[in-house]
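Go ahead and model the full structure; you've got the sequences and the hints to work with.
Each chain, written out:
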Amino acid sequence: NAGVTQTPKFRILKIGQSMTLQCTQDMNHNYMYWYRQDPGMGLKLIYYSVGAGITDKGEVPNGYNVSRSTTEDFPLRLELAAPSQTSVYFCASSWEAGGPYEQYFGPGTRLTVT
Amino acid sequence: GNSVTQMEGPVTLSEEAFLTINCTYTATGYPSLFWYVQYPGEGLQLLLKATKADDKGSNKGFEATYRKETTSFHLEKGSVQVSDSAVYFCALINLTGGGNKLTFGTGTQLKVEL
Numbered sequence: 001n002a003g004v005t006q007t008p009k010f011r012i013l014k015i016g017q018s019m020t021l022q023c024t025q026d027m028n029h030n031y032m033y034w035y036r037q038d039p040g041m042g043l044k045l046i047y048y049s050v051g052a053g054i055t056d057k058g059e060v061p062n063g064y065n066v067s068r069s070t071t072e073d074f075p076l077r078l079e080l081a082a083p084s085q086t087s088v089y090f091c092a093s094s095w096e097a098g099g100p101y102e103q104y105f106g107p108g109t110r111l112t113v114t
Numbered sequence: 001g002n003s004v005t006q007m008e009g010p011v012t013l014s015e016e017a018f019l020t021i022n023c024t025y026t027a028t029g030y031p032s033l034f035w036y037v038q039y040p041g042e043g044l045q046l047l048l049k050a051t052k053a054d055d056k057g058s059n060k061g062f063e064a065t066y067r068k069e070t071t072s073f074h075l076e077k078g079s080v081q082v083s084d085s086a087v088y089f090c091a092l093i094n095l096t097g098g099g100n101k102l103t104f105g106t107g108t109q110l111k112v113e114l
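Residue numbers (my numbering), protein chains in the order written: chain A, 1 to 114; chain B, 1 to 114.
Hints listed in this document are in silico derivations from the structure and should not be mistaken for laboratory results. Glycine included, every Cβ here is placed at the ideal spot set by N, Cα and C.
Simulated crosslink set (DSSO-like; lysine-lysine; CA at most 30 Å straight-line): (1) B:56 to B:111; (2) B:52 to A:44; (3) B:77 to A:44; (4) B:52 to B:101.
Covered by chain A, according to a simulated footprint, are these stretches of chain B (three or more residues, beta-carbon under 8 Å): (5) 40 to 53; (6) 103 to 110.
Right under this line is the structure:
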């Protein structure tokens, strides 16, 4: 049982490039989330999904896109990377709403845009 | 809206010292409260939680009590160890229109020295 896995661990992008951050969970969780963590700013929710085929915006969605074609996978797409997207990105998953269910986090992807 | 405020760090303590990290929140209704811990280079892990007023969450010697009258959820540990060095995040989930989305504080870095 691997939990939540993310790839890559590190990436450097040039301004204007695109990339996809991968996230997979093997716990059969319906809910999945993408956060970004900036120094001294805590975690901000980018997008979330309540099940395959259903996604919604979080607090800071601009510059990102997501898709959820399977229960297991929730990739995050960066189009036209900008320096402001330099951050650490965390994927998380949880059981359904209706209770204060724990969110399980992946190890993170450290992205630098130069 | 929902918000979480926690004390700024870093907090530097000697081993076996007493730890308090303050956390206060703003939310309508009855949120559930959490403490997450992030060890260096890793993702976040749930440390403890409390789902209603006067509940006490505890784990690994850490504890926090949900105080609705003061809207607080302070983290305490009687005797810290070097291995407790990490960043600690206070968070809430407000199921009143908030789904299962966590609202995080900015994090408090704890450094424990011998």
